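Need the complex rebuilt from these two chains, each delivered in its own frame; the hints are there to steer you.
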Amino acid sequence: MDLSLSESELAFRAEARDWLAANVPTEPLPSMDTAEGFRAHQEWEAKLAADRWSVVSWPTEHHGREASLVEWVLFEEEYYRAGAPGRVSQNGIFLLAPIIFDHGTPEQQRRFLPSMATGETVWAQCWSEPEAGSDLASLKSTARRVPASSTTGESGWLLNGQKTWSSRAAYAHWGFGLFRSDPEAARHAGLTYFLFPLDADGVTVRPIAQLDGEAGFAEVFFEDVFVPDSDVLGAPGDGWRVAMSTAGNERGLSLRSPGRFCAAADRLVDLWGERGDTVPSAADGVVDAWIKAQAYRLYTWGTVTRLAGGGEMGAAGSVNKVFWSELDIALHETALDLLGPEAELESSWLDGYTFSLSGPIYAGTNEIQRNIVAERVLGLPREPKGEPKGATR
Amino acid sequence: MRFVPSDDQRDFVASLESLLAAADPVAAARAWAEGETAPGLALWRRLAEQGVHALLVPEEAGGMGATPVELVLAFEALGRHAVPGPYVESVAFLPAALGDAEPVAALAEGAVGSVAAPPGTPYCLDADVATHVFVAGDGALRSASVAAAATTSVDRTRRLFEVTPTGDAVGAGDLDAAHDLASLATAAQLLGCGERILADSVDYVKQRRQFGREIGSYQAIKHHLADVRIALDFARPLLHGAALAATGESVDAVPADRARDVSAAKVACADAAYRAARTGLQVHGAIGYTAEFDLSLWLTKVRALVTAWGTPAHHRARVLAALTAAEGGAA
Chain L
1 MDLSLSESEL AFRAEARDWL AANVPTEPLP SMDTAEGFRA HQEWEAKLAA DRWSVVSWPT
61 EHHGREASLV EWVLFEEEYY RAGAPGRVSQ NGIFLLAPII FDHGTPEQQR RFLPSMATGE
121 TVWAQCWSEP EAGSDLASLK STARRVPASS TTGESGWLLN GQKTWSSRAA YAHWGFGLFR
181 SDPEAARHAG LTYFLFPLDA DGVTVRPIAQ LDGEAGFAEV FFEDVFVPDS DVLGAPGDGW
241 RVAMSTAGNE RGLSLRSPGR FCAAADRLVD LWGERGDTVP SAADGVVDAW IKAQAYRLYT
301 WGTVTRLAGG GEMGAAGSVN KVFWSELDIA LHETALDLLG PEAELESSWL DGYTFSLSGP
361 IYAGTNEIQR NIVAERVLGL PREPKGEPKG ATR
Chain G
1 MRFVPSDDQR DFVASLESLL AAADPVAAAR AWAEGETAPG LALWRRLAEQ GVHALLVPEE
61 AGGMGATPVE LVLAFEALGR HAVPGPYVES VAFLPAALGD AEPVAALAEG AVGSVAAPPG
121 TPYCLDADVA THVFVAGDGA LRSASVAAAA TTSVDRTRRL FEVTPTGDAV GAGDLDAAHD
181 LASLATAAQL LGCGERILAD SVDYVKQRRQ FGREIGSYQA IKHHLADVRI ALDFARPLLH
241 GAALAATGES VDAVPADRAR DVSAAKVACA DAAYRAARTG LQVHGAIGYT AEFDLSLWLT
301 KVRALVTAWG TPAHHRARVL AALTAAEGGA A
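Same order as they appear, the protein sequences are chains L and G. With my numbering applied, the first sequence covers 1 to 393. With my numbering applied, the second sequence covers 1 to 331.
So that you can see chain G by itself, here it is in the shape it has in the complex (with noise of 0.2 Å):
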């Protein structure tokens, strides 16, 4: 028993928190919004170098051979930074649809990968920056190709495209293992966006005066803050709980089921994140309204990611069925 990161956990997260807040990720965020990827690509491939995109890739393909542990931390950290592109598409999805068939190693290594899951996940995330565009459906992996236009998201930095399958099956993955390890890893991304929202809102009030206080002293603001506080902090243990789950590993402690866990952290994560960056702008103010302010970032990506990898209906639906299905069994 010993339910929070291992040394070696953190260390990994510190290094990835090291090199992202050195490589001015906002910046990064803001050119991919207006279309230029190439400050976006370069921490793409320096994320790659430390070993992110090779996370849930088997050590003897060349990759990490990490557990969905690792990939939570990791994507909290992403989230926490705003750093765009499809890293839960080919980072988190692609590498277990995919098992060992051949583009896995180049994944690993830093090619850009994208997928397009519908129902839930209609359009592929950048696909026009992808090299390996594929299409999960009816039970199978397929090459697609990409239209031309991207639609718009709310948030900017997320350009979707419509995809075509092209091709036959290809892969040799599980499909709902990706699935699940991309709704864990948007969970994650939440997290992260939370805890950076309260930390900056945090900072605001601390500074921003009215009547003669900071506004952070006075409880209607404290109550909404602490609030978002207790809402982050009863998330992230459903967040570690399914990452665990998802390793296949059997847990004495709580009972594990996957495809549960995953959809009760992902509604938890979604919740938690959705009333930071509800109170977050509230606290702010007018300033918090305005895109040039970097909390626009995170904001916008809230609401994306919230019915990213599935929305909470369908995570709710999930949840209530596995437990339904459990009934009388109840652990």
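So that you can see chain L by itself, here it is in the shape it has in the complex (with noise of 0.2 Å):
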């Protein structure tokens, strides 16, 4: 058992290090959820890829440096640690990029990675649809098959129906979502996989305002949008397969690496410094705090270790998501105390602490990750199942 690092991977991170300090904008950028911090945030990516450094772990020909799990962790870390800005194209390079080169074509692979990459395109998941949530798979929305039109020569599909608490889609460039392509075919089955742009003719988008006031997400009608055939990701009807690859990414590793935890808990031990002694009941919340920030690092790399082996995922993302949603909230929480009667006036632990509240409900509730806890990894019973939705008409 070690936690040593090779002399690449040491000078990956002084690299790293170097980079960002000199690049991380000394003043925060505007809120990414209004016209003006989005463009700002933009702008920042581009400025991440021309150096390399916004896909690290992609290969060199997408903008990457081809770094290894170990040096993605270590760039995550790095970059947190420097206070830099949150990641606009967060949903694209972590969820669906992964997608796209597993099921994508080379075609698919050449046309969105390189503007992904950049921040050019900023893309935006639709899945949750007002009727699916935590049952995700009973979505409505529909895709129908459409032959070749006489003007493009392209066959593809219809999409309709509607989307909700798509993040980034007020200002997004992109969608991608599930839709169900075959209505005979039972929940999990005839579902299908699909990449539309957001100002399609018939997409329309109403942003929708977050606790915060900000439209960090948005509501998704479609009205019959045609798709393409070559905007289908993976084989038709086999969207749930390919969707459950990005949901894995999204509890677990990918969109919570641990530097962002842990430099969160390094500045809630400086606010202790600096206010620890109007407010010492917090002491064990800024303990607490800090450990499991400790911890989650520490188990990344258990996992990093695992993964590098050819081990999976599988339902320790739910293990995972459970435990860094609940310390983002507590962390925060601490911080507010520590504020004292200034807790409630705007500052970025409030925004912090606004954005933690989401984390339970978002990925997947924690509900379902405590039912898939139980379930694959203890091996409890399953519950039986309420009847599927519209079965009874």
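Calculated lysine to aspartate or glutamate pairs in the EDC-like style (CA-CA distance at most 20 Å, straight line):
{"hint": "1", "chain 1": "G", "residue 1": "K206", "chain 2": "L", "residue 2": "E383"}
{"hint": "2", "chain 1": "G", "residue 1": "K206", "chain 2": "G", "residue 2": "D294"}
{"hint": "3", "chain 1": "L", "residue 1": "K140", "chain 2": "L", "residue 2": "E219"}
{"hint": "4", "chain 1": "L", "residue 1": "K140", "chain 2": "L", "residue 2": "D224"}
{"hint": "5", "chain 1": "L", "residue 1": "K385", "chain 2": "G", "residue 2": "E214"}
{"hint": "6", "chain 1": "L", "residue 1": "K385", "chain 2": "L", "residue 2": "E131"}
{"hint": "7", "chain 1": "G", "residue 1": "K206", "chain 2": "L", "residue 2": "E375"}
{"hint": "8", "chain 1": "L", "residue 1": "K385", "chain 2": "L", "residue 2": "E375"}
{"hint": "9", "chain 1": "L", "residue 1": "K140", "chain 2": "L", "residue 2": "D238"}
Hints were generated in silico from the structure; no laboratory data involved. If you're wondering where the values come from, they're calculated on a predicted model, not measured in any experiment.
Now the structure itself:
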């Protein structure tokens, strides 16, 4: 058992640290959920990409550095330690890109990955529907096969329905989501994974203000939106299997690298240094937040070891997700405790707190994750499921 | 970077597990609680033959020269099987505290030692069966005499004695390191206890039926047990990280600080094991509340070990002190 790094890993970390120290904006960017902030975050992505820091684990032909998993974790630690901006492109680079690498055609990889890496095209995830949240497989939005058009010669699909809670959709350029392409097939079968521009004919995006008042997500309506076959990801009807590889990424390693919690815990310790004498009762909260961030960091090195040895994330992504989402809330609650009567005022701690509240809900609620842990890790019996939606009609 | 046990370490744990599984440690623990220490001492000798007692003793002193990593792997197994006896004191604390002083070779071969270290560890565990009894305090380790009667612990297998220092300072070891190794070994035992309680609870809720279903199919039960799995899964890396920090070798991936990391591990292992104990009792229902049911051995042991070798408050204070000292230079 060891926690040592190779010479090349240490060199990679030093290079990342130096670049970030020289390039991270000294003032925080405006919120990415505003038009101005969205553009500022896109510019930051372009800057990262120009020096090949936006997608370090990708192949070199797609702006990457072919960084190993160890190096990726090191980069993420340095990124958050440096206080660098949030990643406006994260739904694309962390959730969609792994699917495009695994299931996309070479043509799709050439067409979609470069502009994703530079932040020129920002992607929104369109999964949930008003009646399909935790029970995602009950989704009702449809894809209907249409023959080749006489004008373009392309065959494809017409999308209809409604998606909701689509993060970044208010300003993003493209979306990805699941649609029911075979109305006769049972729940998980008959779904297809589509990619579509959010300014296509028939798409209406209605931004939704979040708790903080900003349009961090949106509803997306589809009325006979034509999507050519070349924008189907994976095989028609295979969308559930394709999408579930995204789910593992979202819950597990890729979206929540330990770096962000370690950096936040270190800032909490700093805040304790400034204000601890005014709120001594926050001491245990500070210690526990730091311990849990450290636990998450070390746990991740164990995960990296297993993945590097050919293991799979599997249900460990669910163990992970419950832990980091609860840690994030507890950490920010402690910070607000330390801020005393000023806790209600706008601040980066308040922003972090408000964002943390969404953690136990998105990427599969923590209740769903606990079911997965109980059934797939502990081997407890599945609970009898209710009737499938629509079965009684 | 390989933050999982090596093949050799896995083999070592597997051999300990098979020895313990075949040795009926539960019977030894129940007898120990009644003052019949013969079966427990027989198990003590078998584990000594396996090399457990010699782990931290240098090879030149007749020991294994192993690291704190092997120590925590062994103590997790001891906790999992509720093995009675002063292992933390004899196997973790004393070799580090004694250095190359004389009794260390005897301890490595299976002589029984124990130690009190007031104020955090005011009583000497199982001192009546120990040949080598010490008190650590005021920066020194001294031989000690043992009071006649034991006090009663919530864990009936922990027979605690008052001891009085009798002689001059002995040993040339590092008492701070000894304290940390004892805390680390206790944390590992807690983790093993928590794992055992979870495993037994999962087995139980799969066979216990109410309202026509296994109770383990209800979400109320599942979510409690999932939270235990999660807590244990995130305590273990802290334990292993602290063990690496205690080896004294440099680690590049995560800046190490022995005192801070040992205390963080003790806090997390105690919290996780205590959660396992509370949940384990709850999902067992009334049968879990009986002394006759074996779960009681682990429930009471966890409660005792939570405060043994440093209370959670003590260890949280040490973490905070380390963080505050490093403030500004945090990694």
